[in-house]
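J.: One-letter residues, chain by chain:
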Amino acid sequence: MSIYVLVHGAWHTGAELERVAAPIRAEGHQVHTPTLAGNRPGDAKTTGLKEAIRSIVDYLAENNLSDVVLLGHSYGGMVITGVADLVPERIRRLVYWNAFVPNDGECLNDMVPPQYVGLFEAMAAERGDGSVVLPFPIWREAFINDADLATAQKAYDVLNPHPLKTFTDKISLKVNPAEMTVPKSYINCTEDTALPHTLPWHPRLSSKLGLFRLVQVPGSHELCFSDPQRLARSIMEAGRD
Amino acid sequence: MSIYVLVHGAWHTGAELERVAAPIRAEGHQVHTPTLAGNRPGDAKTTGLKEAIRSIVDYLAENNLSDVVLLGHSYGGMVITGVADLVPERIRRLVYWNAFVPNDGECLNDMVPPQYVGLFEAMAAERGDGSVVLPFPIWREAFINDADLATAQKAYDVLNPHPLKTFTDKISLKVNPAEMTVPKSYINCTEDTALPHTLPWHPRLSSKLGLFRLVQVPGSHELCFSDPQRLARSIMEAGRD
Amino acid sequence: MSIYVLVHGAWHTGAELERVAAPIRAEGHQVHTPTLAGNRPGDAKTTGLKEAIRSIVDYLAENNLSDVVLLGHSYGGMVITGVADLVPERIRRLVYWNAFVPNDGECLNDMVPPQYVGLFEAMAAERGDGSVVLPFPIWREAFINDADLATAQKAYDVLNPHPLKTFTDKISLKVNPAEMTVPKSYINCTEDTALPHTLPWHPRLSSKLGLFRLVQVPGSHELCFSDPQRLARSIMEAGRD
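Protein chains in written order, with the numbering used here: chain H, 4 to 244; chain W, 4 to 244; chain D, 4 to 244.
Isolated chain H (complex conformation) (with noise of 0.2 Å):
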């Protein structure tokens, strides 16, 4: 029996992962969702990616855990990286959801198209606090796409603003992930348009792992939201050893 810590992506919180860590523990496994710097309510939304990765490093550490499959989700491949460059003695393999994976020096924007910079940009310019929303129309056509419109609007609804730092932070790593000894899987949803087929995160992003397992799966972005269980399956496929 494994030990899953698996971190959300940005705008979510651990609790939208409760329904994809439930058919994980009817398994036996042990599943924790924390929820990053940055998302927590009340944290203040010039929370940068530095903050965001020691909140899963103090969760390690003050919940003892050790031989643990380290998932990320989207930006939380951001998170994962850099908790696996400061405490990979903890980590048994690392899991890549649909996530960025940066090397030393970059950042999320470096691995968007052009025009979510801009968006990016633009709405935290408008909202003054330093955080960006989803304007609905993009994340019920290109983040949630195999969702009916009550589902979409249903996940839209408890979304939280997330802190542009940690998109334009840039990562300091001692090993690139290509180099780290750790197992790597990615999983792949193949209807993932979050980022638009024309600019990949398989193979573009996955590639950087160096030897990594692929474990591909039908869905969006939002599978957590669509399909739980189905989400969970390819989870325990990419975290066994």
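If you're looking for bench data, these hints aren't it; they were derived computationally from the structure. Among the clues, some could well be false.
Unchecked claim - Simulated crosslink set (BS3-like; lysine-lysine; CA at most 30 Å straight-line):
1. LYS211(D) <-> LYS211(H)
2. LYS211(W) <-> LYS211(H)
3. LYS211(D) <-> LYS173(D)
4. LYS157(D) <-> LYS48(D)
5. LYS211(W) <-> LYS173(D)
Model, not experiment: these values are computed from the prediction.
Once you've looked at the hints, dock chains W and D against the given chain H.
T.: Just chains W and D, lined up with the frame of chain H:
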């Protein structure tokens, strides 16, 4: 409940989409399967793209249809793009099913491999009435690769010679698809090799839509024959709000 | 009913394809699973590509086989291409299953990433008898990513050291695959990362076939171990007329 208008591809008529329409109607929707000018019995094989587009504009007007989910298959993507440019007020959503997506001034032949352009020209020269047909080996291997031979043969037997002019006429658009404000979906059959995967439907052509909803489904270019029920489900996922 | 001859890949023997052959036989077909020269117990590990090709040509002659659906897996694609060039009159259809497709004068190593070429050379130098083996971590993560660890280990234990010369010998063909008139199919396992998806089997290598039938199926490079029944169904879809 929605109003679907399904626009067939080259060599087809609306009748071949009736088995796709049936499961959509069974869910309570209204479904129309008009046949394009150029493909109706007795139509001149010198029919051009503008007349084909006009035949759908007229169909919508004659049947007083608005709030329409307008789907185009393959060559039908040329047609629905032209229709959306002329009567955007009648359309709720455009759905491209492995379909061509033209910008202003492009023709279908601009988006296919050079060997097809050459084949079409040679065939039209040989036939002499302005029409082209598909050689059976190309149909069987590249268009309907997911069916058994009997299904492939039976479907081939109902095809009609297609006016080449509709492939070479350049479309005239006031607004390119990416700038159209109507919502858009793209259905991609993942084994569709009617266009080779080195020059694919998705994301090469789908990305010309700007923001769009991707739906993928296993199947060939001719899923309407090999699994009409499965295609119907994908159409409803693509067509819903 | 058809006659199938299944040609295994590097490190394998025909015996590993018996669980794939069984469901095909259950449908009434005849299935042969010969082992290539170089992979039979006692074969010199200095065996070259020409001898491997010759061993299948001989097998067809000795068993008086014609009208054969000839399938090659991975390295087996080199072999069946050579066989089709020598005895086209015996073959009804070629089926490549995540297999190399060579043109005249190419060797297998011309189609793999440089890191594999280097790994193979270093390993052969170390082993000293002309053979190479796959390190278990590469096998487990990149070749059989869809199986559990026990299945991966059990399959690994039956592999045999493979003659490197078959990877570096350039094939000699009278006719390149695209110009061969025999019908051709390509089975692509969609999670096959034995070749990285930045340098993929399909469409990079499949497109060298000219007109071909694509069949795709979920699974890794070693679907023969992880789901032989599913692979058998795909083979029958690829092999039928």
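J.: Each of the hints needs a verdict: does it hold here or not?
T.: Status of the hints after comparison with the structure:
For a cut-off of 30 Å, the pair hint linking LYS211(D) to LYS211(H) stands: about 28 Å separates their Cα positions. Annotation: proposed proximity of LYS211(W) to LYS211(H) holds, straight-line Cα distance about 28 Å (limit 30 Å). Among the hinted pairs, LYS211(D) with LYS173(D) is consistent with the structure: their alpha-carbon atoms are about 17 Å apart, no more than 30 Å. For the hint pairing LYS157(D) with LYS48(D), the CA-to-CA distance comes to about 23 Å; that is within 30 Å, so the pair holds.
A hinted pair counts as satisfied when its Cα atoms are at most 30 Å apart, and LYS211(W) with LYS173(D) does not qualify at roughly 42 Å.
Hint violations for this structure: number 5 only, all remaining hints satisfied.
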